[in-house]
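Q: One letter stands for each residue in the lines below.
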Amino acid sequence: RKEVEQDPGPFNVPEGATVAFNCTYSNSASQSFFWYRQDCRKEPKLLMSVYSSGNEDGRFTAQLNRASQYISLLIRDSKLSDSATYLCVVNNTSGTYKYIFGTGTRLKVLA
Amino acid sequence: DTGVSQNPRHKITKRGQNVTFRCDPISEHNRLYWYRQTLGQGPEFLTYFQNEAQLEKSRLLSDRFSAERPKGSFSTLEIQRTEQGDSAMYLCASSFADGGPLTFGAGSRLTVL
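Note that the protein sequences, when read in sequence, are chains X and Y.
Just so you know, this note's numbering puts 17 at position 17 of the first sequence, and the rest follows in order with no gaps.
Numbering-wise, this note's numbering comes out as the position in the second sequence, counting from 1, plus 111.
There may be inaccurate statements among the hints.
[What the hints assert, rightly or not] Listed next, the in silico DSBU-like pairs over lysine-lysine satisfying Cα-Cα at most 30 Å (straight line):
1. Lys182(Y) <-> Lys42(X)
2. Lys45(X) <-> Lys2(X)
3. Lys122(Y) <-> Lys98(X)
4. Lys42(X) <-> Lys125(Y)
5. Lys122(Y) <-> Lys168(Y)
6. Lys168(Y) <-> Lys2(X)
7. Lys182(Y) <-> Lys45(X)
8. Lys79(X) <-> Lys108(X)
[Unchecked claim] With the Cβ distance kept under 8 Å, some of the chain Y side facing chain X (calculated, not the full set):
9. Arg142
10. Tyr144
11. Phe156
12. Gly216
It is worth saying that the hints were derived from the structure and are not from the lab.
Computed from a predicted structure; not experimentally measured.
Quick reminder that beta carbons are idealized off the backbone N, C-alpha and C, glycines included.
Model the full structure from these sequences, guided by the hints.
A: Following this line, the structure appears as structure tokens:
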């Protein structure tokens, strides 16, 4: 089993739609969680950290479920500019500070 | 500070040659990471440093790969006797030592012919 798993997609959604991605992780000791966005042939860029109580940044909402070991990202009112790959990242901080990335979920927002 | 800097941005080499990539992290960050990314995959962890100490290496990092961070500032990643399977984007990232997010450089794209 992979340490961090994501549905690779692609998710094709119309503008204005709401879309949600999930990511599961295998190490119950994982401490820090993030969502990154990566555009084609560019480096990953931090979208948002994920906090235990859940957090929101504009149209983006991230949630963490430690019991079920998954994190989610919700995008409301999708824009064409949201088209990208979304990477789930888990930092196993108990004894190691290795950040593990999922394979990414591709999103395409259609006009 | 302009962020994480990597060079060269692109490198084309022939199989069997050695290549070296350099990474200059954000100056306040004491952790530095190297990742490799191929098309359709997420970044794969290679190694990381805290200051000048290399604390962990992935099993992906064969004996042809070596990374250094001699003074705890910039880092180099060398690949000896390159193979076509080494063709990938090599990403460097840095962070504070608090489990916070990584900041990536633009990457060094390697093509081995």
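Q: Hint by hint, say whether it matches the structure.
A: Right, here's what the structure says about each hint:
1. Using a Cα cut-off of 30 Å, the hinted pair Lys182(Y) and Lys42(X) holds, with the two alpha carbons roughly 28 Å apart.
2. Between Lys45(X) and Lys2(X), the direct Cα distance comes to roughly 22 Å. Compliance with the 30 Å bound is thereby established for this hinted pair.
3. A distance of roughly 27 Å separates the Cα atoms of Lys122(Y) and Lys98(X); the hinted pair therefore holds under the 30 Å criterion.
4. For the proposed pair Lys42(X) and Lys125(Y), the alpha carbon gap of about 24 Å is at most 30 Å, so the pair holds.
5. Between Lys122(Y) and Lys168(Y) the CA atoms are separated by roughly 24 Å; this keeps the pair inside 30 Å, and the hint holds.
6. As the CA atoms of Lys168(Y) and Lys2(X) are separated by approximately 18 Å, the hinted pair is consistent with the 30 Å bound.
7. Restraint check for Lys182(Y) and Lys45(X): satisfied, since their Cα atoms lie roughly 27 Å apart, inside the 30 Å limit.
8. Straight-line distance between C-alpha atoms of Lys79(X) and Lys108(X) comes to about 10 Å, which keeps the hinted pair within the 30 Å bound.
9. Of the supplied interface hints, the one on Arg142(Y) holds, with its beta-carbon coming within about 7 Å of a beta-carbon of chain X, less than 8 Å.
10. The interface hint given for Tyr144(Y) holds, since its Cβ lies 7 Å from the closest Cβ of chain X, which is under the 8 Å cut-off.
11. A cut of 8 Å between beta carbons decides the hint on Phe156(Y): the least distance to chain X is about 5 Å, and the hint holds.
12. Hint on Gly216(Y) holds. Least Cβ distance to chain X is approximately 6 Å, under the 8 Å limit.
The structure meets every hint from the earlier list without exception.
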